[in-house]
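**Student:** In case you want the letters, here they are:
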Amino acid sequence: MNIVVCVKYVPDATADRQFESDNTVDRVGVDGLLSELDEYAVEQALQLREKREGEDIEITALCVGPEKAVDAIRKALQMGADKGVHVVDDAIAGSDSVATSLVLAKAREKIGAEKKVDLVMTGMASTDASMSVIPAMLAERLELPQVTFASVVESQGEVFRVRRDGDTATEIVEGRLPMVLSVTDQTGEARYPSFKGIMAAKKKPLETWALSDIGVEADQVGLSASWTAVEGTEARPPRTQGEIVTDEDGSGATALVDFLASKKFI
Amino acid sequence: MSGLLSADLPEEYLELARTVRAFATEVVAPVAHHHDQTHTFPYDVVAQMGEMGLFGLPFPEEYGGMGGDYLALCVALEELGRVDQSVAITLEAGVSLGAMPVYRFGTEEQKQRWLPDLTAGRALGAFGLTEPGAGTDAGGTRTTAVRDGDEWVINGSKQFITNSGTDITRLITVTAVTSELDGKRRISSILVPADTPGVLVEPAYDKVGWNASDTHPLTFTDVRVPVENLLGEEGRGYANFLRILDEGRIAIAALAVGAAQGCVDESVRYAGEREAFGRPIGANQAVAFRIARMEARAHTARLAYLDAARLLLAGKPFKKQAAIAKLVASEAAMDNARDATQVFGGYGFMNEFTVARHYRDSKILEVGEGTTEVQLMLLARELGLPG
Chain A
4 MNIVVCVKYV PDATADRQFE SDNTVDRVGV DGLLSELDEY AVEQALQLRE KREGEDIEIT
64 ALCVGPEKAV DAIRKALQMG ADKGVHVVDD AIAGSDSVAT SLVLAKAREK IGAEKKVDLV
124 MTGMASTDAS MSVIPAMLAE RLELPQVTFA SVVESQGEVF RVRRDGDTAT EIVEGRLPMV
184 LSVTDQTGEA RYPSFKGIMA AKKKPLETWA LSDIGVEADQ VGLSASWTAV EGTEARPPRT
244 QGEIVTDEDG SGATALVDFL ASKKFI
Chain B
3 MSGLLSADLP EEYLELARTV RAFATEVVAP VAHHHDQTHT FPYDVVAQMG EMGLFGLPFP
63 EEYGGMGGDY LALCVALEEL GRVDQSVAIT LEAGVSLGAM PVYRFGTEEQ KQRWLPDLTA
123 GRALGAFGLT EPGAGTDAGG TRTTAVRDGD EWVINGSKQF ITNSGTDITR LITVTAVTSE
183 LDGKRRISSI LVPADTPGVL VEPAYDKVGW NASDTHPLTF TDVRVPVENL LGEEGRGYAN
243 FLRILDEGRI AIAALAVGAA QGCVDESVRY AGEREAFGRP IGANQAVAFR IARMEARAHT
303 ARLAYLDAAR LLLAGKPFKK QAAIAKLVAS EAAMDNARDA TQVFGGYGFM NEFTVARHYR
363 DSKILEVGEG TTEVQLMLLA RELGLPG
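Note that the protein sequences, when read in sequence, are chains A and B.
The numbering of the first sequence is the working numbering, which starts it at 4 and goes up by one.
The numbering of the second sequence is the working numbering, which starts it at 3 and goes up by one.
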């Protein structure tokens, strides 16, 4: 089985995030890492291989991002992925999810041209933009079925059976390869790389592709080709002290009701 | 980037440091206070360390190891020691006292039997050297092992033995007097499976610190093991464990540097947040200079252990450098812990704060694996001073 796991390089959520003058996220000036939500996808791919011992399962980590994004691929390789593909091109900067999904789909086609890809895996969302739309867009572009937000993944042969936990119901969904599968943070904690994994990762194949390698024109991606644009960003204002109602003369309840009504809560 | 991450090390060691730091922050730190308070052994944490391969760091893959080296172990110990010394000493003792003697001096059969479980962290080994009347002065060893047919019969007692009473302790390597030649007592090392009849693990000590580390006195009463459990040559037990202790000093130094660095990092954060008289306390030179000096201690102590570790890896003599590293690193940890608790003021006296735990934990660093005085004695000897 040939699995491609899409991994995103995101700014470290514990550090200060900055924006460029064009309102895109500064991905160069801040520390970045493999999106924690994508670590779950890598982990599930590795567990799949461990559960299906004896089968020939190859795992490729695919990343679209600036030079430094190679760190995200390296982490996946240290965890146990077999090879990495990094699509890096100045023209990609500023791409929204529509444009990014095009690059991912084309890269996945190039990987598939060498060896048929059975499964494309992703996390449930990115930790920076939190759009959650890439799996669906990828499925559409690749003309594959999509099974998303899996919290439990089981498989037998070509059939994958997953559990989707919603707010009001839990669904069991089955899909057949080839398909796109996104997994949630409920699938199980991702492993930490071992020293053996760290050493082995240095020798694993890692290819770097430009847009021209995957047949995408510069004007199909980037800020200008994006369907969405960020108009502005603002830091969340610090929490202000709430309104305090003091019940001195028995009018407290009325004051509370008036407050709730003014906010249209009642 | 603070501490070890800014050291001049090959990239794979820095990657290991980053990985262990993430593990220490995300997994170890949240439960450190709980285990310290309840004096409980962190089985879950140790199991995860096993899965990460930390117990196998300096061993080759054929014995289940990670194919790394002693420097890799030191890197992991510093990053763990920064957050929780109990967890770090569990790893240090498990590797350098539990598994390393088997790897260094064991027969192929002994290695195959013990190492795969020890290097995977599924089992822990302990090293029974210290006795009520014998520590560094091994001549005082009273424990005996008498040959009876195909067996050794061991009698005696040991004390302060790390990792000797956990649910996953499988092996205790014991030093014992096996014979006397020309009136000289010959000490040998013998592998004793922990479940051998006659091995009594006595209740854990009530310690000042390292509360989540497992430490017990042990008593051996007519403990019988096969003669082939002899580890290394008969009568070479003393020479062998000197080598083990020399290496162990580098590892303890790394752990101590972690503690010293943890005190720096906690103090930098707190001095930037805590305000008094309208400004962060770190804006006062009395506080800032104290923290700057702490950083200098941690940094120089790190250089000392890295130097000793590099000599060890290069196969060069490292006894003196290991003694210096152990000496300055343990003092750096104790000094930094004292300074950090001062920076924290009243909170530094509250057990739930990491610096308070470092204050209690660091004292033993100046005592275990050879006291400060023993390191000074070794140094004086290396310098050729009379005595």
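Please note that a few of the clues may not be correct.
[Said to hold, decoys possible] Derived lysine-lysine pairs resembling DSS-like cross-links, with alpha carbons at most 30 Å apart:
#, chain 1, residue 1, chain 2, residue 2
1, B, K113, A, K199
2, A, K205, B, K322
3, A, K266, A, K71
4, A, K113, A, K71
5, B, K186, B, K365
6, B, K318, A, K199
7, A, K86, A, K266
8, A, K54, A, K207
9, B, K365, B, K322
Treat the hints as calculated values from the structure; they're not laboratory data.
A quick note: this is a predicted structure, and the numbers were derived from the prediction, not measured.
**Student:** Failing hints, ascending?
**Tutor:** 2, 3, 5, 7
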